[in-house]
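Undergrad: What follows is the residue order along each chain.
2 protein chains.
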Amino acid sequence: MSFSAETRADLSRFWSTIESSAQIGQGRPGGLSRLTLGDADREMRDLFAGWCRAAGLAVEIDDMGNIFGRRDGLDNSLPPILIGSHLDTQINGGRFDGIAGVLAGLEVVRSLNDAGHITRRPIVIVDWTNEEGARFSPPMVASGVFVGRYDVEWAHDLIADDGARFGNELDRIGYKGELPCKAGEIDAYFELHIEQGPILDAEKRQVGVVTGGYPSHGMRVMFRGETAHTGPTPMDLRQNALVAGARWLTAVDDIGWEFAVLDGKATGSRLAAWPNKPGILSESAQCVADVRHPDPITARVMAEKMRRAAHAAAAMAGCSVEVEDEWTWGGDIFDAELVGLIRNEAVSQGWNWRDIQSQAGHDAYHMAMHCPSAMIFTPCKGGITHNNAENCDPGDFVAGLNMLLHAVVKRADR
Amino acid sequence: MSFSAETRADLSRFWSTIESSAQIGQGRPGGLSRLTLGDADREMRDLFAGWCRAAGLAVEIDDMGNIFGRRDGLDNSLPPILIGSHLDTQINGGRFDGIAGVLAGLEVVRSLNDAGHITRRPIVIVDWTNEEGARFSPPMVASGVFVGRYDVEWAHDLIADDGARFGNELDRIGYKGELPCKAGEIDAYFELHIEQGPILDAEKRQVGVVTGGYPSHGMRVMFRGETAHTGPTPMDLRQNALVAGARWLTAVDDIGWEFAVLDGKATGSRLAAWPNKPGILSESAQCVADVRHPDPITARVMAEKMRRAAHAAAAMAGCSVEVEDEWTWGGDIFDAELVGLIRNEAVSQGWNWRDIQSQAGHDAYHMAMHCPSAMIFTPCKGGITHNNAENCDPGDFVAGLNMLLHAVVKRADR
Numbered sequence: 377m378s379f380s381a382e383t384r385a386d387l388s389r390f391w392s393t394i395e396s397s398a399q400i401g402q403g404r405p406g407g408l409s410r411l412t413l414g415d416a417d418r419e420m421r422d423l424f425a426g427w428c429r430a431a432g433l434a435v436e437i438d439d440m441g442n443i444f445g446r447r448d449g450l451d452n453s454l455p456p457i458l459i460g461s462h463l464d465t466q467i468n469g470g471r472f473d474g475i476a477g478v479l480a481g482l483e484v485v486r487s488l489n490d491a492g493h494i495t496r497r498p499i500v501i502v503d504w505t506n507e508e509g510a511r512f513s514p515p516m517v518a519s520g521v522f523v524g525r526y527d528v529e530w531a532h533d534l535i536a537d538d539g540a541r542f543g544n545e546l547d548r549i550g551y552k553g554e555l556p557c558k559a560g561e562i563d564a565y566f567e568l569h570i571e572q573g574p575i576l577d578a579e580k581r582q583v584g585v586v587t588g589g590y591p592s593h594g595m596r597v598m599f600r601g602e603t604a605h606t607g608p609t610p611m612d613l614r615q616n617a618l619v620a621g622a623r624w625l626t627a628v629d630d631i632g633w634e635f636a637v638l639d640g641k642a643t644g645s646r647l648a649a650w651p652n653k654p655g656i657l658s659e660s661a662q663c664v665a666d667v668r669h670p671d672p673i674t675a676r677v678m679a680e681k682m683r684r685a686a687h688a689a690a691a692m693a694g695c696s697v698e699v700e701d702e703w704t705w706g707g708d709i710f711d712a713e714l715v716g717l718i719r720n721e722a723v724s725q726g727w728n729w730r731d732i733q734s735q736a737g738h739d740a741y742h743m744a745m746h747c748p749s750a751m752i753f754t755p756c757k758g759g760i761t762h763n764n765a766e767n768c769d770p771g772d773f774v775a776g777l778n779m780l781l782h783a784v785v786k787r788a789d790r
Numbered sequence: 377m378s379f380s381a382e383t384r385a386d387l388s389r390f391w392s393t394i395e396s397s398a399q400i401g402q403g404r405p406g407g408l409s410r411l412t413l414g415d416a417d418r419e420m421r422d423l424f425a426g427w428c429r430a431a432g433l434a435v436e437i438d439d440m441g442n443i444f445g446r447r448d449g450l451d452n453s454l455p456p457i458l459i460g461s462h463l464d465t466q467i468n469g470g471r472f473d474g475i476a477g478v479l480a481g482l483e484v485v486r487s488l489n490d491a492g493h494i495t496r497r498p499i500v501i502v503d504w505t506n507e508e509g510a511r512f513s514p515p516m517v518a519s520g521v522f523v524g525r526y527d528v529e530w531a532h533d534l535i536a537d538d539g540a541r542f543g544n545e546l547d548r549i550g551y552k553g554e555l556p557c558k559a560g561e562i563d564a565y566f567e568l569h570i571e572q573g574p575i576l577d578a579e580k581r582q583v584g585v586v587t588g589g590y591p592s593h594g595m596r597v598m599f600r601g602e603t604a605h606t607g608p609t610p611m612d613l614r615q616n617a618l619v620a621g622a623r624w625l626t627a628v629d630d631i632g633w634e635f636a637v638l639d640g641k642a643t644g645s646r647l648a649a650w651p652n653k654p655g656i657l658s659e660s661a662q663c664v665a666d667v668r669h670p671d672p673i674t675a676r677v678m679a680e681k682m683r684r685a686a687h688a689a690a691a692m693a694g695c696s697v698e699v700e701d702e703w704t705w706g707g708d709i710f711d712a713e714l715v716g717l718i719r720n721e722a723v724s725q726g727w728n729w730r731d732i733q734s735q736a737g738h739d740a741y742h743m744a745m746h747c748p749s750a751m752i753f754t755p756c757k758g759g760i761t762h763n764n765a766e767n768c769d770p771g772d773f774v775a776g777l778n779m780l781l782h783a784v785v786k787r788a789d790r
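Taken in sequence, the protein lines are chains A and B. If you read the first sequence in the working numbering, its first letter stands for residue 377, the second for the next number, and so on. If you read the second sequence in the working numbering, its first letter stands for residue 377, the second for the next number, and so on.
Every clue listed holds true.
Partial list, computed: chain B residues near chain A (C-beta under 8 Å):
1. Ile467
2. Arg623
3. Leu625
4. Arg646
5. Pro654
Restraint-style ranges between C-beta atoms, simulated for each label pair:
6. A/Val699 / B/Asp630: 20 to 30 Å
7. B/Pro455 / A/Ser696: 48 to 58 Å
8. A/Lys558 / B/Val699: 53 to 63 Å
9. A/Ala636 / B/Ser696: 13 to 23 Å
Which residues of chain A face chain B? A partial, calculated answer using Cβ under 8 Å:
10. Asp629
11. Trp633
12. Pro651
Derived from the structure by calculation, the hints contain no laboratory data. Where a beta carbon is used, it is the ideal one built from N, C-alpha and C, also for glycine.
Model the full assembly from the supplied sequences, consistent with the hints where possible.
TA: What follows is the structure, given as structure tokens:
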């Protein structure tokens, strides 16, 4: 049975799921604070799993807490199509970041149910655990385990600033599943996400076809010094790790401005010093920073400047420096055929669209290491995100949702 | 009855009190972590108050938790002599900082008891609450209330990083006394303290006569920005308060190096950003910094550079800045007559001594706003302090202890 090109997703039904989600884990006015593996995350997971079952999906949980809702195809021996994103938020997060992508997947299967259309391949919708990394670092850790980048034991041992252990929190909220977190063969991965940048909104575009991601390099660094009195200790005898951290994040910000004219960005996002108190020099400072640039060679140069700046900052403060973790993502990682399929939907459905590069990290980056992957971006007001003022209208999703629906069906019926 | 110039304090009895104190609130090897108004602070207070009562002192507690142990004089209508310091420590503190001064006061009254000498004026030994400021900021807050610099209600409302309220913690440990924290007429204030710097140890001096303090200026500043995504947000739209804080503390450190050749110091001691997480720009950063210089005009210039650097850092990071608190201390604050009395004891007792300026803040600075005050410094190994490696021998106290004893008696018998 063919699927009518005229079929449209039910925008108001999709929007009602957004509104229900926005009741769970409310933060500042209009925003959410639904940190991964907290009680609100459990409540949201329960709601989502219930919606999946009501839509006839077979729900499975893996041992990283990823939730899979599977809709059988005509030939279940074929590798499935995955549609996914995340339901967790930043501590001062919005109602759409990640959430819109998971619920768009749900709307796709509901629309297929309405149409009575069984695709040739199975379709699986996914909620990835801890995309944000706002409680447990690194972000996107569960999709990383899924594709074999991280070990599951290592991920279970991650400790949050609140002292909680990832594996224990999974147990506590009842979402450590039986299924091993390990990707089988997958035909294609789709992810719809709000842009989290100002471009589509500024250009009044209805949708963006994501061609890849800004090449990005990040580091978590530990500076170590020695406690001493802030008063009598001479400047040349100091080993103030807080100063090492401050100098590094200042240097990183300078790198960002140096490359800003071609849209480079550099960010110091974390500085956790100890004891971090008046009267005493700090003995340790953990810092996180990253650089991003549309051009991969420039991004690499920025990363090397960031790395050398860490050593220079440590030297200037009389401290040692240890790189605890490094990561890189982005580039031309998305599948040309899949991107073309999405672009064709934009054209044939007549939306006002453009190609766009992602500047944020997404689980799709991990999935692209494993199978053909692609993303669709929808507009958000002023590009504001990771903030309770993040905002979208239902109409902001109409193009992306219907492009996702038809691209998925075409791929699944192939 | 005259007091024999040959009388010596009991060094081994003094040392035994140091050793008993070092059992309470143990931190890293050799050090203490006896934060103010915690359970270990209560235990130490109980021990100290017991020692006072056993020495025949009348113990009173005021509503800031300051402990006073009073030894009557021949004429109790005369203003008393106070001897004080503090029993709280930094989170990674030593066994002598503050503690030696309180226990030296105790040894003075015990030595007077042994000699059967009643001074003309009363003598009061004091443990000041929260000298360190390691849990509740600002430091020296209780001596500040005592001399009328701060309001007691304001101090009771101070909140620690652990969420505790100063007044509630006073109640909890049973040390919110009936006595209003308000200084009456006081004849003189003496404080013995370890130097917390390398000078006496490097010059093999037995004792330092403190003539004043390095003029010092400090600020607590709040930078405010806006949360946003670390990825897509362009450099010129960012308001990352963490970057404002890092830039300020970097500039403060630069000021320290600029003035280091004449022994200037500048310190960034605290940067507490929120949310301070990978993936999100921080909306707030509270920072503390100070500058110190032996010359008051230079210290003032350094302070102004520090203040302007805060505004420049905020501007560069697109943030606002608010000065939450400012303080200054030091200068030629100690009483010439009292300093001369102590110096005469150094000479007549034949110690290897020198005049010295304090570089740390002390309760004596507050007391000097109210009555003639002076300090005695004793050596500590390598000047190491606010660190568990802080170390002294009993012999390091022999000069200071006996100078204190005889200077106090001469003043009290005046």
